[in-house]
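Participant: Sequence:
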Amino acid sequence: MSRVLRASAIMAAGTLVSRVTGFVRTMVLAAAIGTATLGDAYNAAYAIPYAILDLLLLGVLSSVVVPMVVKAQREDADGGRAYEQRLLTLTTVALIIVAALAVWAAPLLIDLYTDWRPGQDNYEWAVTLARFILPQLAFFGVGAVAGAILNTRDRFAAPMWAPVLNNIVVIGAFLVYMVAGRGTSTNALAILGVGTTLGIVAQALVLIVALKRAGFSFRPRLGLRGARLGEMGRAGVWTIGYVVVTQLGFVLITNLASAAGDIVAGHGITPYTLAFQLFQLPYGVIGVSVITAMLPRMSRSVGEGRFDEVRAEFGSGVRLIASVMVPVSLMLMVLGPAITVPLYARGETSIDDAVYIGQVLQVYGLALVPFAVFQLLLRVFYAFGDTRTPVYVGAGTTAVFAGLMLVANALVPPAYVVMGLAFAYAVSYAVGAGVAWMLASRRVRGLGGWTIGGALTKMYIAALPTAVLGLATVWASQQLFGSLTVLNSLIILAVGGGLGGLLYLTVAHRMRIPEVNSIVGMVAGRVGR
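Under our numbering, the residue at position 403 of the sequence shown is numbered 397, and the numbers go up by one with no gaps.
Hints were generated in silico from the structure; no laboratory data involved.
Every residue, glycine too, gets a C-beta built ideally from N, C-alpha and C.
A few of these clues could be false.
Said to hold, decoys possible - If you anchor each label on the Cβ, the simulated ranges turn out as follows:
(1) 436 <-> 473: 26 to 36 Å
(2) 466 <-> 409: 46 to 56 Å
(3) 98 <-> 297: 20 to 30 Å
(4) 470 <-> 299: 37 to 47 Å
(5) 259 <-> 448: 42 to 52 Å
(6) 445 <-> 14: 32 to 42 Å
(7) 492 <-> 173: 28 to 38 Å
(8) 408 <-> 102: 25 to 35 Å
(9) 488 <-> 386: 28 to 38 Å
(10) 11 <-> 484: 13 to 23 Å
(11) 111 <-> 511: 53 to 63 Å
(12) 170 <-> 199: 12 to 22 Å
Make a model of the complete structure from these sequences and hints.
Facilitator: Dropping the structure here:
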């Protein structure tokens, strides 16, 4: 576990700074454009390239490209150098074409992902913004491939720190928008859209420079010979299937949320997006860091037939992630509005709007642990080069998700539809994690379920006092101050979040939970130095 912890710590530090600057970025955006019509238009346009990249390109990277690069480094005479060069060249050319087609198809994409129609303000603004934002597909993709190659060389810092520059550039663009005069003219929307794309350009450049410093010598290789496209295609076709399945779920989410936002302003795509970003924070800081460090090692262990090391790597990853996710999930469920009011209640976003975002976040707290375990389980299959099983698991998870979303949309008032979508998300990932666990356990001949289950039980027991303290703090604040304000929200966070976190660490240390002790020891050692 020490190797995972060290590599994860490097990445987590960069990711934490990235997420902090990302929240500053989100706060500035919420203040500039709010959570109603313009906010929904921006978030719809912004979500489309990220949906494509997160589910398509980044899924292919983790399931196909990383294992293929590791294989080339192990088997090729040049250590995989020519293969890496060819991969980066072909990816660059392909994504430039994809970005150009996406810009041309912007109206069709907005029509697909939302319930809006031509002539509505939100539709027209979203199309204009999408045309400025979609070119980032090429730059984000090139940077992602560069980051994947860096990860296979155990260079984890740059991919986690590069988004910080992205956030700084975009924050600057939002501030320019606020100073230059808010509005919905083409020039005003260009500041928002082009500024968003420039952030991704800067991020990609940082990763390319880091790759060069890692010893990578870029030489354009357009030939397909030696690209292993046949082998990659056989594995990648199932990842594409997974993408199609999950995209269907995302399309349904954005359509239902946009329709709800048309009925109740401020209760549409934007609160869903902002709450989801907060929900993803702990997984992005800890989960992604652990998975990124874990996958190349699991791939090597599978290639050498050492299943015991695969089980050990997976078990340590689950326990390490859960040691943070368990208390954070309870805090989100208890303190959601107290988190979102200080972050978003300013400018164009009212306190009531921020409270609703927090209520959605509370529901998302239920999904944090199942979602993280689900993502770890998929990497077990990817380490085996198996991209077919995740498609079946993803299809089942998405089917459950879609059914529950439709039920929520039919039964829940429009003002609470987005909360219903978040609940459907939590239930579907709990079901998906259960199915994936059974299938992965058969593949690896056991995942140590009793050991992992016992560790998670101890973590929940250790986190219960923190949840109780949070509930008591919220109740006391309501009795003393009444409705939430920025000031009493900060008090709640200081007591329920700050003291609650220390209480969890203390109880977990006394219960001798090794993952928490390792984290505390590492932090104490760094502070001591």
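Participant: Now tell me if each hint is right for this structure.
Facilitator: Checked hints:
1. 436 <-> 473: 26 to 36 Å: violated, 53 Å
2. 466 <-> 409: 46 to 56 Å: Given a distance of about 29 Å, which is not inside 46 to 56 Å, the answer is violated.
3. 98 <-> 297: 20 to 30 Å: violated, 42 Å
4. 470 <-> 299: 37 to 47 Å: violated, 58 Å
5. 259 <-> 448: 42 to 52 Å: 48 Å Cβ-Cβ, so the 42 to 52 Å window holds.
6. 445 <-> 14: 32 to 42 Å: Holds, at about 34 Å.
7. 492 <-> 173: 28 to 38 Å: holds, 34 Å
8. 408 <-> 102: 25 to 35 Å: holds, 26 Å
9. 488 <-> 386: 28 to 38 Å: This hint is violated: roughly 46 Å between Cβ atoms.
10. 11 <-> 484: 13 to 23 Å: holds, 22 Å
11. 111 <-> 511: 53 to 63 Å: For residue 511 against residue 111, whose Cβ atoms are near 57 Å apart, the range 53 to 63 Å holds.
12. 170 <-> 199: 12 to 22 Å: holds, 21 Å
Hints 1, 2, 3, 4, 9 from the list above are not met by this structure, while the remaining hints are.
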